[in-house]
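Colleague: One-letter residues, chain by chain:
Number of protein chains: 2
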Amino acid sequence: MNTVYGFSPSGNCHKVRLLLEQLGRPYRWIETNSAVGETRTPEYLVKNPNGKVPMLETEDGRVLVESNAILHWLAQGTPYWPEDSWQQAQALRWMFFEQYSHEPYIAVARFISGWTPMGSTRRADLPMLRERGHAALAVMERHLVEHDWFTGPHYGIADIALHAYTHVAPHGGILLDAYPATRGWIARVEATPGFVPMTEPDAEAASRIAQSS
Amino acid sequence: MNTVYGFSPSGNCHKVRLLLEQLGRPYRWIETNSAVGETRTPEYLVKNPNGKVPMLETEDGRVLVESNAILHWLAQGTPYWPEDSWQQAQALRWMFFEQYSHEPYIAVARFISGWTPMGSTRRADLPMLRERGHAALAVMERHLVEHDWFTGPHYGIADIALHAYTHVAPHGGILLDAYPATRGWIARVEATPGFVPMTEPDAEAASRIAQSS
Chain A
1 MNTVYGFSPS GNCHKVRLLL EQLGRPYRWI ETNSAVGETR TPEYLVKNPN GKVPMLETED
61 GRVLVESNAI LHWLAQGTPY WPEDSWQQAQ ALRWMFFEQY SHEPYIAVAR FISGWTPMGS
121 TRRADLPMLR ERGHAALAVM ERHLVEHDWF TGPHYGIADI ALHAYTHVAP HGGILLDAYP
181 ATRGWIARVE ATPGFVPMTE PDAEAASRIA QSS
Chain B
1 MNTVYGFSPS GNCHKVRLLL EQLGRPYRWI ETNSAVGETR TPEYLVKNPN GKVPMLETED
61 GRVLVESNAI LHWLAQGTPY WPEDSWQQAQ ALRWMFFEQY SHEPYIAVAR FISGWTPMGS
121 TRRADLPMLR ERGHAALAVM ERHLVEHDWF TGPHYGIADI ALHAYTHVAP HGGILLDAYP
181 ATRGWIARVE ATPGFVPMTE PDAEAASRIA QSS
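Listed in order, the protein sequences are those of chains A and B. Letter by letter, the first sequence follows residues 1 to 213 of the working numbering. Letter by letter, the second sequence follows residues 1 to 213 of the working numbering.
One or more of the hints may lead you astray.
Which copy is meant is left open, because identical chains are indistinguishable; a pair holds if it fits in one copy or across any two.
[As the list claims (entries may be wrong)] Below, computed lysine to any residue pairings styled on SDA-like, alpha-carbon distance capped at 25 Å:
1. Lys47 to Pro104
2. Lys47 to Ala135
3. Lys47 to Gln87
4. Lys47 to Pro153
5. Lys47 to Trp149
6. Lys47 to Arg28
7. Lys47 to Arg132
8. Lys47 to Ala181
9. Lys47 to Tyr27
Because the hints were derived from the structure by calculation, they are not lab data.
Full structure from sequences and hints, please.
Modeller: Shown next as structure tokens:
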């Protein structure tokens, strides 16, 4: 059985949980709170020198990191990864877009809003992060006006990767009102068989989020 | 024949050129200077709403973007992409690392040093970018102390992806003196069959780089 080291309110970690649940594969989850340094202990850094979650460990002790690489490995031979190489490349295109042009703005705006003190100097970055987050959403919206999914003709791991932080973008003050096709796609993702919702922010994070918008 | 829209001094664009050269596949290169807005014209944005290079266009007009997704597509069925799914996942792990934890610091420090005016306010970011760039190099060095390559047992697209900006990290003031295993790997990459060097910065960029370190 695989073990996943993950922080439940993290979208990157939730990606792995969602796919494992939809695949019906048993796994062990070890809650690892990156916000309080649990990915920076000497024991953790031996396994992942980059000090991040999620991390997947196989039963025989091999380690895989980077959420989207974990999705790729788990999805091989399943309907969540397309067979055609052009469609595979398009799925990866969206997964690289997610990590480069989407997550660093939408996820970081959410993290700063919910998981840093109200007086944090990082909050000065929020207007820039929100602006760039909207730019990413506009690119997604343009795709979704003409396509149902990001993975190809069917739901799959590029949709899982992009759903993770898109559906909670409002936590970072990035509202989805202007993106009807994206809201429709979120609803389709959440109606797929075996879908499980992401863990809600705890009361402290939720309170900060409410004060940040 | 494929067409590549690329800016020659860009590492992300050079990745695509290097793989095409090593594969011996003919291609057409359309020089597209992102530093002066050539990826933000209405014609370009129709093809790539994210407004970035590189972009690959097939002979029948299909478009693929994101440098590492292009590498993946071109490398299918060649020795530059491993056959084993675990090795594939590790290669992708390093390619996602490159786009999330490496390029945003090492490539951006280089871009600011060479391609923004000497008085640019963005230069205030250089100390932070250099610090995080060194953190990425330390993760790579740790891997290279024990492994020859990033793609698995052989040279391949994860090495191409990471070589692009690592070998020019000093342009951004991020020196490689402390990373002997990384310098050895750069030499191995540059000795692979069909290797072509990246285009040097032009005189204006080179002059700024010399003044920035």
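Colleague: Go through the copies and call it for Lys47 and Arg28: within, between, both or neither, with a Cα cutoff of 25 Å.
Modeller: within (17 Å within a copy, 43 Å between copies)
Colleague: Checking Lys47 and Ala135: alpha-carbon separation at most 25 Å within a copy, between copies, both or neither?
Modeller: Answer is between: at 16 Å across copies they meet the 25 Å cutoff, but 35 Å inside does not.
Colleague: Quick one: Lys47 to Ala181, C-alpha cut-off 25 Å, is that within a copy, between copies, both, or neither?
Modeller: Answer is between: at 20 Å across copies they meet the 25 Å cutoff, but 40 Å inside does not.
Colleague: With identical chains, the pair Lys47 and Trp149 could be close in the same copy or across copies; at 25 Å between alpha carbons, which is it: within, between, both, or neither?
Modeller: between (34 Å within a copy, 19 Å between copies)
Colleague: Indicate which option fits the pair Lys47, Tyr27 if close means a Cα-Cα distance not exceeding 25 Å: within, between, both or neither.
Modeller: within (18 Å within a copy, 41 Å between copies)
Colleague: Between copies, within a copy, both or neither: which fits Lys47 and Pro153 at Cα up to 25 Å?
Modeller: between (37 Å within a copy, 20 Å between copies)
Colleague: Can you give me the call for Lys47 and Arg132, within, between, both or neither, at a CA distance of at most 25 Å?
Modeller: So Lys47 and Arg132 pass the 25 Å test across copies only (20 Å; inside, 33 Å).
Colleague: How do Lys47 and Pro104 come out at 25 Å by Cα distance, when the copy is not named: within, between, both, or neither?
Modeller: Both: 24 Å inside a copy, 24 Å across copies.
Colleague: One pair to classify: Lys47 and Gln87, alpha carbons no more than 25 Å apart. Within, between, both, or neither?
Modeller: This pair counts as between: shortest inter-copy Cα distance 17 Å, intra-copy 33 Å.
Hint compliance for this structure: no hint is broken.
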